[in-house]
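Chain by chain, the residues run as shown.
Number of protein chains: 2
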Amino acid sequence: MSLDSALARIDGDLDASLERLFDLLRIKSISTDPAFAQDCAQAARWLVAQLSGMGFAASLRETSGHPMVVAHAKAARADAPHVLFYGHYDVQPVDPLNLWESDPFAPRIVEEEGARRIVARGAADDKGQLMTFVEACRALLREGGLPCHVSVLFEGEEECGSSSLPAFLAANKDELRADVALVCDTNMWNRTTPAITAMLRGLVFEEVVVEAASRDLHSGLFGGAAINPIRVLARILADLHDASGAVALPGFYEGVRDLPPDVAAQWRALDFSESAFLGDVGLSVPAGEQGRSVLEQVWSRPTCEFNGVQGGYTGEGAKTVLPAQASAKVSFRLVGAQDPHRIVESFHAFVRARLPADCHARFISHGASAAISLPFDSAFLQKARVALTQEWGCEAVMAGGGGSIPVIGDFKRDLGMDSLMIGFGLDDDRIHSPNEKYEVSSYHKGTRSWARVLHALAR
Amino acid sequence: MSLDSALARIDGDLDASLERLFDLLRIKSISTDPAFAQDCAQAARWLVAQLSGMGFAASLRETSGHPMVVAHAKAARADAPHVLFYGHYDVQPVDPLNLWESDPFAPRIVEEEGARRIVARGAADDKGQLMTFVEACRALLREGGLPCHVSVLFEGEEECGSSSLPAFLAANKDELRADVALVCDTNMWNRTTPAITAMLRGLVFEEVVVEAASRDLHSGLFGGAAINPIRVLARILADLHDASGAVALPGFYEGVRDLPPDVAAQWRALDFSESAFLGDVGLSVPAGEQGRSVLEQVWSRPTCEFNGVQGGYTGEGAKTVLPAQASAKVSFRLVGAQDPHRIVESFHAFVRARLPADCHARFISHGASAAISLPFDSAFLQKARVALTQEWGCEAVMAGGGGSIPVIGDFKRDLGMDSLMIGFGLDDDRIHSPNEKYEVSSYHKGTRSWARVLHALAR
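Protein chains in written order, with our numbering: chain X, 1 to 459; chain R, 1 to 459.
Keep in mind the hints are simulated off the structure, nothing from the lab. Do not take every clue at face value.
A pair counts as met if it fits within one copy or between any two copies, since identical chains are not told apart.
When the alpha-carbon atoms are kept at most 20 Å apart in a straight line, the in silico SDA-like pairs for lysine to any residue are as follows [what the hints assert, rightly or not]:
no. : residue 1 : residue 2
1   : 28        : 364
2   : 412       : 261
3   : 74        : 108
4   : 28        : 292
5   : 28        : 77
6   : 445       : 191
7   : 74        : 284
8   : 173       : 263
9   : 28        : 317
10  : 383       : 63
11  : 28        : 315
12  : 74        : 207
13  : 173       : 341
14  : 28        : 316
15  : 173       : 275
Predicted model, so just to flag it, every value in this text is computed and none were measured.
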């Protein structure tokens with residue numbers, strides 16, 4: 001059970017390990033689109049086969065949505081701590097497909113900007129990340145065994161609201177409860193500096209459909225007399241922010257507190273360039289709440305974003321239609337003690353208050369989860385920091401996270417378990433975008449990091 | 001050249017005439033979508049063949065877009081007046097296809113609400129309407145000849161901006177100039193009362209694309225810091241109307257005058273039910289400018305409507321994307337002396353004034369045409385009214401029209417020709433919508449009406 005021999009095996013096995021990742025990346029496990037349900041099931045079966053082959057007791061568990069993968073393996077020492085590793089095998093849709101430089105499900109290695117990169121949908125989010133842990137376990141098992149008891153939970157609905165997860169956790173509490181959860185779905189501080197994510201924003205994702213006439217109308221015959229749902233929707237969306245960039249939903253900021261002074265000081269001291277962060281994506285001016293730094297805006301402030309809008313004729317050319325309906329996908333990132341369910345209610349009331357005569361609104365909920373904070377004095381956290389420092393040669397940043405990982409809240413609430421969020425993604429990984437990539441160095445040193453972390457946690 | 005024998009032939013030939021219309025309706029001549037270019041050409045060839053078979057000198061004329069059909073036939077009397085009939089063989093797209101009760105390009109007769117109806121895309125707009133004139137000519141030619149010299153112009157780009165038409169008219173002025181133009185693309189007052197349309201709104205159709213980041217972003221990683229183009233677009237669209245329902249574009253109402261008192265009085269006396277007009281499509285409250293009747297709103301007032309909006313993820317489920325761009329199709333209906341080109345400029349300036357840092361706007365123009373009014377004292381108009389009264393047994397309404405027929409303006413400006421707009425559509429024909437229909441009575445009595453009108457104009 002030597003760490004050094006496990007690390008050496010990880011180094012020597014890198015090419016084969018990449019081939020295994022590529023096999024997983026080839027599976028089109030887009031969870032939000034029902035057309036890809038069989039692909040999701042295939043990804044789950046592939047993971048069960050891998051884990052079984054390594055010596056885990058692994059099984060596929062059906063849900064009302066996409067299946068879960070659950071696996072267990074014992075440590076060599078009976079009194080070792082027990083960790084639950086969580087990841088997700090589902091991926092985002094690939095549109096707009098025409099902006100991809102190659103097939104999103106034909107993974108390949110490219111050399112660019114002096115780095116080797118794995119390019120494919122899911123390369124970073126989350127297939128590449130979850131495979132760092134799987135491959136670390138593979139090496140440890142070959143070199144004397146695991147230092148911790150390890151359970152694994154992979155879900156297939158993270159990108160579409162995790163609707164099966166709460167019931168599954170509730171029904172399998174005793175099997176899944178561990179001393180600490182490990183989650184690999186976050187980023188490093190930069191290419192050479194690791195990070196442990198200590199705060200995560202929550203997420204409320206709502207879809208609203210504004211309906212008016214019983215059918216599409218001709219805008220020449222009815223325009224000016226019939227209410228236009230795009231106009232109604234535009235007014236609702238425009239009203240959701242005030243002139244200062246703050247969210248105008250009544251009660252939205254209840255439970256939001258400013259950063260503790262010491263954390264604010266730590267963030268100010270980070271070598272973070274607002275202009276580089278925005279410049280990378282063609283922007284220059286922070287667009288959120290005035291008077292907040294970009295790090296605050298994306299790590300510690302709540303937001304309201306519009307993720308999609310649609311109504312009327314959207315094909316090429318002109319069509320003088322006055323549509324019967326228009327819809328928008330609206331998401332809220334939550335921090336602190338903001339209550340997701342009260343925000344859903346406030347949003348519905350906000351929309352209804354702006355519906356003129358003859359209009360009504362339908363709502364489709366795609367998830368509601370609160371924000372999360374990790375206790376800074378946790379022993380597991382301190383041990384993991386040391387392990388990461390040994391691998392990377394510098395201190396791990398205690399970061400905030402803008403994205404949401406609802407399972408972290410479920411683990412805390414339902415299983416009483418804190419989560420260590422350690423990930424090896426980079427800000428420029430283009431997750432959810434065309435040409436998503438994961439650095440080979442993230443994959444390789446990420447795998448090595450998990451071997452070190454598991455050893456450290458067992459000490 | 002007896003009118004009675006031509007009318008008798010139209011009656012006896014109705015079934016065969018419907019079969020010919022069905023042949024034309026089966027051709028998928030959707031002009032706005034380049035995928036259907038060959039279908040448009042096929043429709044043009046079909047019309048050339050029909051007209052040639054009837055004795056017209058007919059030809060297909062290529063343009064940079066879809067082809068024109070031009071045909072000529074002489075009257076029996078050399079000193080007869082010369083008319084130019086205009087129609088369009090192109091049709092609107094058929095989406096949303098799932099709302100059609102049958103294939104839009106498989107025409108059929110249905111019996112509903114006590115009437116026989118032809119159901120297909122283009123049944124009313126404009127294939128059914130243009131065929132009423134073709135079939136009237138067919139009967140007249142079989143029964144002694146045409147009472148007027150007849151030229152025919154069919155275009156295939158009416159539904160997508162008529163971009164080839166102005167140059168074609170300019171290049172063929174001498175061939176196409178006639179004493180008066182006849183246009184069949186408007187509605188009757190109701191199922192039993194004909195109408196001549198004396199005013200038509202103009203149309204400016206603009207598409208705006210708001211662009212921000214260089215790629216789609218993850219709303220968790222960038223949300224709150226990166227500008228969201230849907231939010232920018234929503235603000236622009238929301239600002240385009242004020243609280244009273246008026247259009248907020250600077251200078252928009254320049255050239256707009258209130259109705260002359262006599263026309264206003266005639267309209268007030270019409271048996272028009274606002275609640276029935278709106279109730280037919282599931283609405284109840286006029287949504288346009290406050291203090292205006294529905295007839296004013298759709299016939300004599302300018303409007304701004306949103307015909308389509310799109311941005312971000314619009315598939316099923318959730319995707320936490322922060323899109324790189326969002327777009328809207330915006331149309332303005334013009335009246336009186338409103339200048340279409342000044343309105344385009346004002347719209348562009350209005351959008352640009354609302355673009356925050358890092359955003360820019362691209363514009364795509366899909367047409368700009370002024371409003372049209374017909375002189376009420378024209379001799380052709382008075383003769384046509386008498387002919388319609390003889391066919392329908394009641395006085396023809398002198399109507400306004402909400403839709404736009406840009407060619408009317410081109411005829412006046414480029415060929416110095418007034419147009420008689422006589423159509424047999426009904427308000428519930430669902431043009432531009434699923435399940436478009438045309439009443440068999442419109443088709444049959446419309447054909448008879450044209451035979452009478454051509455006789456009346458020659459007197």
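These are the hints, each one checked on the structure:
In this assembly of identical chains, the alpha carbons of residue 28 and residue 364 never lie at most 20 Å apart, being 25 Å within a copy and 36 Å across copies at closest. Taking the shortest alpha-carbon separations for residue 412 and residue 261, neither the intra-copy value of 26 Å nor the inter-copy value of 74 Å comes in at or below 20 Å. Neither within a single protomer nor between protomers do residue 74 and residue 108 lie at most 20 Å apart by alpha-carbon distance, with minima of 35 Å and 71 Å respectively. Taking identical chains as interchangeable, the C-alpha atoms of residue 28 and residue 292 are never at most 20 Å apart, the minima being 39 Å within one chain and 56 Å between chains.
Taking identical chains as interchangeable, the C-alpha atoms of residue 28 and residue 77 are never at most 20 Å apart, the minima being 39 Å within one chain and 74 Å between chains. In this homomeric assembly, residue 445 and residue 191 come within 20 Å of each other (Cα to Cα) only inside a single copy, at 11 Å, whereas the closest approach across copies is 78 Å. Taking the shortest alpha-carbon separations for residue 74 and residue 284, neither the intra-copy value of 51 Å nor the inter-copy value of 69 Å comes in at or below 20 Å. With identical chains, the CA atoms of residue 173 and residue 263 are never at most 20 Å apart, being 34 Å at best within one copy and 78 Å at best between copies.
In this assembly of identical chains, residue 28 and residue 317 lie within 20 Å of each other by CA distance solely across copies; the values are 17 Å between and 33 Å within a copy. For the identical chains of this complex, residue 383 and residue 63 are neighbours neither inside a copy (35 Å) nor across copies (75 Å), given an alpha-carbon limit of 20 Å. Within a single copy, residue 28 and residue 315 get their C-alpha atoms only as close as 27 Å, which misses the 20 Å cut-off; across copies the closest is 16 Å, which meets it. When the C-alpha separation of residue 74 and residue 207 is checked against a cutoff of 20 Å, the pair qualifies neither within a copy, at 44 Å, nor between copies, at 62 Å.
Within a single copy, residue 173 and residue 341 get their C-alpha atoms no closer than 24 Å, and across copies no closer than 68 Å, so neither meets the 20 Å cut-off. In this homomeric assembly, residue 28 and residue 316 come within 20 Å of each other (Cα to Cα) only across copies, at 16 Å, whereas the closest approach inside a single copy is 29 Å. Neither within a single protomer nor between protomers do residue 173 and residue 275 lie at most 20 Å apart by alpha-carbon distance, with minima of 46 Å and 60 Å respectively.
Figure legend: structure checked against the earlier numbered hints; hints not met, in rising order: 1, 2, 3, 4, 5, 7, 8, 10, 12, 13 and 15.
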